[in-house]
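The primary structure of each chain is shown beneath.
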Amino acid sequence: MLRYVWNRILMIFVTLFLILTINFLLLYLMPGSPFQNPRLTPSQRERIEDKYGLNDPVLVQYGRYMYKVSKLDFGGTIATNTYDDIFEEYIIDRLPLTAKIGGIALIIGTVIGITFGALAAIRRNSWLDNSVTVLGVIGVSIPSFVFAAILQEVFAINLDWLPLFYREANPDIGHSLKDQNLGMIMPIIALSVLPIASIMRYMRTELVEVFSSDYILLAQAKGLSKPAVIFKHAIRNALIPVITIIGPMAINLIAGSLVIERFFNIPGLSNSLVTFTLAKETYATLAINFFYSFMYVTVILIVDILYGVIDPRIRLASNSKLGLIGKLIKSIKRKFQSDNAGGEVNE
Amino acid sequence: MNNMKNDFSKIKIDKSKLKLVSNRIEESEEISGVSLGYWKDSFRRLLHNKIATISLILIGFIFIFSIFITSTTPHSTVIEPQIKDPDTGQMISKKSLTSVPPRIKGLEWLGWFDGRVDKLLPKIALENEVKYPKDTYEIVECEEGNTGKEMCTIDLDVYKQNGIEQLYFTFGTDQLARDNWTRVWAGVRNSLAIGLLAAVFDIVMGVIYGSICGFYGGTKVDNIMMRFIEIYGSIPSIVLLILLLSFMDRGFGALIIALGLTGWIGVARMVRAQYLRYREHDFVLASRTIGASTKRLIFKHIFPNIIGQIVILATFSIPAAIFYEASLSFIGLGLPTDQASLGTLINNGITQRSVSAYLLWIPTIVLSIVMLAINLLANGLRDALDPRLRGR
Amino acid sequence: MEKLLEVKNLNVTFETHGGTVQAIRDVSFDLHRGETLAVVGESGSGKSVMTKSVMRLLADNGNIKHGEILYHYEDGTIVDIAKLRDGEMHKIRGAEIAMVFQDPMTSLNPTMTIGKQIMEPIMKHQNLSKKDARQKAIELISMVKIDRPTKRMKQYPHEFSGGMRQRIVIAVALACNPNILICDEPTTALDVTIQAQIIDLIKELQQQTKAAVIFITHDLGVVANIADRVAVMYAGKICEIGTSSDVFYTPAHPYTWGLLASKPNTDNLGEKLYSIPGTPPNLLDPPKGDAFALRSNYALELDFEEQPPMFKISDTHYAATWLLHPDAPKVEPPKVVQRRGAKKGVTNNG
Ligand SMILES: Nc1ncnc2c1ncn2[C@@H]1O[C@H](COP(=O)(O)OP(=O)(O)OP(=O)(O)O)[C@@H](O)[C@H]1O
Ligand SMILES: [Mg+2]
Numbered sequence: 001m002l003r004y005v006w007n008r009i010l011m012i013f014v015t016l017f018l019i020l021t022i023n024f025l026l027l028y029l030m031p032g033s034p035f036q037n038p039r040l041t042p043s044q045r046e047r048i049e050d051k052y053g054l055n056d057p058v059l060v061q062y063g064r065y066m067y068k069v070s071k072l073d074f075g076g077t078i079a080t081n082t083y084d085d086i087f088e089e090y091i092i093d094r095l096p097l098t099a100k101i102g103g104i105a106l107i108i109g110t111v112i113g114i115t116f117g118a119l120a121a122i123r124r125n126s127w128l129d130n131s132v133t134v135l136g137v138i139g140v141s142i143p144s145f146v147f148a149a150i151l152q153e154v155f156a157i158n159l160d161w162l163p164l165f166y167r168e169a170n171p172d173i174g175h176s177l178k179d180q181n182l183g184m185i186m187p188i189i190a191l192s193v194l195p196i197a198s199i200m201r202y203m204r205t206e207l208v209e210v211f212s213s214d215y216i217l218l219a220q221a222k223g224l225s226k227p228a229v230i231f232k233h234a235i236r237n238a239l240i241p242v243i244t245i246i247g248p249m250a251i252n253l254i255a256g257s258l259v260i261e262r263f264f265n266i267p268g269l270s271n272s273l274v275t276f277t278l279a280k281e282t283y284a285t286l287a288i289n290f291f292y293s294f295m296y297v298t299v300i301l302i303v304d305i306l307y308g309v310i311d312p313r314i315r316l317a318s319n320s321k322l323g324l325i326g327k328l329i330k331s332i333k334r335k336f337q338s339d340n341a342g343g344e345v346n347e
Numbered sequence: 001m002n003n004m005k006n007d008f009s010k011i012k013i014d015k016s017k018l019k020l021v022s023n024r025i026e027e028s029e030e031i032s033g034v035s036l037g038y039w040k041d042s043f044r045r046l047l048h049n050k051i052a053t054i055s056l057i058l059i060g061f062i063f064i065f066s067i068f069i070t071s072t073t074p075h076s077t078v079i080e081p082q083i084k085d086p087d088t089g090q091m092i093s094k095k096s097l098t099s100v101p102p103r104i105k106g107l108e109w110l111g112w113f114d115g116r117v118d119k120l121l122p123k124i125a126l127e128n129e130v131k132y133p134k135d136t137y138e139i140v141e142c143e144e145g146n147t148g149k150e151m152c153t154i155d156l157d158v159y160k161q162n163g164i165e166q167l168y169f170t171f172g173t174d175q176l177a178r179d180n181w182t183r184v185w186a187g188v189r190n191s192l193a194i195g196l197l198a199a200v201f202d203i204v205m206g207v208i209y210g211s212i213c214g215f216y217g218g219t220k221v222d223n224i225m226m227r228f229i230e231i232y233g234s235i236p237s238i239v240l241l242i243l244l245l246s247f248m249d250r251g252f253g254a255l256i257i258a259l260g261l262t263g264w265i266g267v268a269r270m271v272r273a274q275y276l277r278y279r280e281h282d283f284v285l286a287s288r289t290i291g292a293s294t295k296r297l298i299f300k301h302i303f304p305n306i307i308g309q310i311v312i313l314a315t316f317s318i319p320a321a322i323f324y325e326a327s328l329s330f331i332g333l334g335l336p337t338d339q340a341s342l343g344t345l346i347n348n349g350i351t352q353r354s355v356s357a358y359l360l361w362i363p364t365i366v367l368s369i370v371m372l373a374i375n376l377l378a379n380g381l382r383d384a385l386d387p388r389l390r391g392r
Numbered sequence: 001m002e003k004l005l006e007v008k009n010l011n012v013t014f015e016t017h018g019g020t021v022q023a024i025r026d027v028s029f030d031l032h033r034g035e036t037l038a039v040v041g042e043s044g045s046g047k048s049v050m051t052k053s054v055m056r057l058l059a060d061n062g063n064i065k066h067g068e069i070l071y072h073y074e075d076g077t078i079v080d081i082a083k084l085r086d087g088e089m090h091k092i093r094g095a096e097i098a099m100v101f102q103d104p105m106t107s108l109n110p111t112m113t114i115g116k117q118i119m120e121p122i123m124k125h126q127n128l129s130k131k132d133a134r135q136k137a138i139e140l141i142s143m144v145k146i147d148r149p150t151k152r153m154k155q156y157p158h159e160f161s162g163g164m165r166q167r168i169v170i171a172v173a174l175a176c177n178p179n180i181l182i183c184d185e186p187t188t189a190l191d192v193t194i195q196a197q198i199i200d201l202i203k204e205l206q207q208q209t210k211a212a213v214i215f216i217t218h219d220l221g222v223v224a225n226i227a228d229r230v231a232v233m234y235a236g237k238i239c240e241i242g243t244s245s246d247v248f249y250t251p252a253h254p255y256t257w258g259l260l261a262s263k264p265n266t267d268n269l270g271e272k273l274y275s276i277p278g279t280p281p282n283l284l285d286p287p288k289g290d291a292f293a294l295r296s297n298y299a300l301e302l303d304f305e306e307q308p309p310m311f312k313i314s315d316t317h318y319a320a321t322w323l324l325h326p327d328a329p330k331v332e333p334p335k336v337v338q339r340r341g342a343k344k345g346v347t348n349n350g
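Residue numbers (my numbering), protein chains in the order written: chain A, 1 to 347; chain B, 1 to 392; chain C, 1 to 350.
These are computed hints drawn from the structure, not numbers from a lab.
Take these hints with a grain of salt, some might be off.
[As the list claims (entries may be wrong)] Each computed DMTMM-like pair below joins lysine to aspartate or glutamate, with the alpha-carbon atoms no more than 20 Å apart:
(1) 119(B) <-> 214(A)
(2) 226(A) <-> 228(C)
(3) 116(C) <-> 160(A)
[Stated by the list, open to error] One-sided and incomplete, this derived list gives chain B residues near chain A with beta-carbon spacing under 8 Å:
(4) 355
(5) 368
(6) 376
(7) 379
[As the list claims (entries may be wrong)] Beyond 10 Å from chain B on every Cβ pair, some chain A residues (computed):
(8) 2
(9) 5
(10) 8
(11) 69
(12) 72
(13) 88
(14) 92
(15) 103
(16) 181
(17) 214
(18) 225
(19) 243
Source: prediction; values computed, not measured.
Built from N, CA and C at the ideal position, the CB exists for glycine as well.
Start from the sequences, fold in the hints, and give me the full structure.
Below you can see the structure in the form of structure tokens.
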């Protein structure tokens, strides 16, 4: 198991490295320089271009970029007169907020989705199953910001139970931590609708399929009771494919958070990404994009570890006495094989 | 088992019928039924699915209607309606056409399309009888506000107040006096067009890439191309979208290209997987040994087999593209605000929420209906074309 | 011989979108201690459904419409499985009647260790401590001739080959010394040499445990090798049942003739193999008379109108065809089948 985890972590480093390289290439190949901001005078621009060494050979620039990134130096904002270190000023306090809201939404989505999907499959064709089907379609079809608008209308405007917007805890202007937490409820609910709906639908289908498998028949033929069959045999096997869609869910959450953070005025990463992109702050945009990829890759790592915990085939496959490279190749092969199986996931 | 002796006397039969007859095997063949063609069969299954059929009709209707409306409407999506007052012959001023709520002739009794709004304002404002003529509103209630002023909620007939009682704006107008009806349908048309074009882009890219991979399946070319997909796919598509959009000028074309560049991976993977699957199939092996050309092989054998899958993926990528378009436009990275799309309309609706709630809810409801219908259609198509995946 | 199972007039239906599938139509048979009953018949004839009904393991849309499935306990009590409560049924499954399925690749839980999967029925039915159950499971693994049983306990199904997995499934089935072992095509998914090993194993274990075996197969060669009695199924009915030699050497039903003629053996070597024309009837709307009549070369007019009853040929041999009626025209079975009968005569006399 340890080896398996180590393998996955290695893969993630490779991926992050490649993403950084793509970032660099975008910076390098982009028409003009990143400092096209019209508010800069030509002399200012030249000074900055020199400062960033934009006239050095590619490899030097690449090496410098990677070196700086390794020290968490992603450059600064340009348009503002004050030079803001992006990592220090924006990422370090905005990332946790975005990750927290997205993470909670993902966990809620997974837990509720799995529970109700399983219940629907167990009580097939009951009213519960039918509601799960209907709510599932609605949940995957309708964008999260629609739910956000409805939530605001009902719980903030009409009932006045929750604040319309997120408010950071700040004793100076009378905002307590409770206000802050209350402000997170609606964004989290709005964001978790999609994961709930998708995972619910997926879990239901998978469990129904598992129920019709031979090993469930064998478990029944052993004389096990229905709960024993469900909990000891069915659920675990149904979870294996369900876990695969947590990755795509994370992507969806990132997309959702862009809108939701705007909607609720949340000072998170997504909100600043939008601001920076609109202001053509290239360094900041790329840095935030990198951290998005980082969050995504972290989710993938967790998913992969869960995978290994649940599925002995994967855990044991990587325990054989292969060299590190051999294992890398093997895990890549495995990924390819799962591609071959054509398991298309409906993002 | 019944251990008694056969008691033939008990069996009452027509003994004359105990004679051999000729083989009637042809009837048996007939009974086993004719096999319908795949497409005919799929279409029959789709029509059998009532929800999918209704969705199909609804989507078709909405799309055609949106094109019809936007090409016949007298109003523009970017500037306020140019309407002459029939009495005075003068242009009606922009001011009296601004933020007018929805009103439909004959449906006023519904309470939604009656051109009236509830408005909260200080009681003293009502003393200004030029702005609020007495016969244009009814006071719902008045109470002490938290600033100590007396605040009143009035039910205001905006059309009467603005002196445009002869006009009807089905979905009202926005804060720039633009006709919302025209803008909503233009938004629907644009959003659907973006979805469709992005799906086409997805499919073309995905099929080409996937075919190359699949055709060289297992070789170095395939390996490298698949590894590229893997890395490319590990960048969240929304992030990629934003990156691409931040380097392009905002607009229709940029959006479609960006959506196309991020959505094709699923198609490519599927196409490749199907290639690899069908490569081992007898009919492909057989035609290889006969020496069928590569092109023929792809178009005659492999393609027809994967077209169902492609249709399914395409129908799912339309709502995904619409969703991304709406999200991006909402945050200001999609279409420019003067171009109507469901995303820009909702974005604008949010800012106008407290004054003109209909500007938020009408596009929101329309977007929800469109998304739901396409998704239901896609589900139905998948069940019809690929019954194995039913319910997924 | 002591009766273990009596199935009487069993009718099983499935509700589907297309209508009600009459999968089992009025099937009756007995099973005695220690014997092996082979069930043969075309795909879709209802072999699996019949045996799953005995275990009450039908799919959700399946129903035992009417009929009795009487199970005789060792102490003499008789229960009707068709009407048993779920709780009672759980006590029969695995303990009294056990089952081995067709595809060993899919019949073991991929996420549970082999040991746990074998221990499960033991702990459920025999009130053994975990330690004793482990010991028993290890014994079972060596009983089905798999080496290093202790190590195997901790392994997962994917670490086993197909043949080994089927041995494990057999070990699971035999874990609680069931009186009846149902094998639903246990060798179809395996390659030929492994098939022979598994069949030998089942035979050997049957002799050890004295269990009755219901053995479903497509392979008439296997039937000849393993079965005491044979039931031939067609379109949800048993059309002929008798001892192996009854069915192989003096078959009475035209369908059995067709089956035997379509099987390669020393008698028809070099001849063009016979294949039964046409396809089985649609069980959504089964034909009125003998379901095989349409495909039969020996059909009587009455076959199209009237269901033939089970005619008794000898104490052990029954068949459902109007050809056995005393007033029916006498017909000659196909040459191949006749030659078999002749051969039996020779062996008997010599
Ligand atoms: N869950 C079900 N729903 C509907 N019909 C079913 C169901 N299960 C079985 N049947 C039908 O019952 C009939 C008998 O099926 P069964 O599986 O017993 O055949 P079989 O003799 O075991 O065939 P094979 O040799 O292929 O295993 C078939 O016509 C099948 O279509
Ligand atoms: Mg079967």
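Here's how the hints hold up against the structure:
no., hint, result
1, 119(B) <-> 214(A), "violated, 66 Å"
2, 226(A) <-> 228(C), "violated, 36 Å"
3, 116(C) <-> 160(A), "violated, 55 Å"
4, 355, "violated, 13 Å"
5, 368, "holds, 5 Å"
6, 376, "holds, 6 Å"
7, 379, "holds, 7 Å"
8, 2, "holds, 23 Å"
9, 5, "holds, 18 Å"
10, 8, "holds, 13 Å"
11, 69, "holds, 16 Å"
12, 72, "holds, 19 Å"
13, 88, "holds, 22 Å"
14, 92, "holds, 19 Å"
15, 103, "holds, 15 Å"
16, 181, "holds, 24 Å"
17, 214, "holds, 17 Å"
18, 225, "holds, 27 Å"
19, 243, "holds, 16 Å"
The earlier numbered hints that this structure contradicts are 1, 2, 3 and 4.
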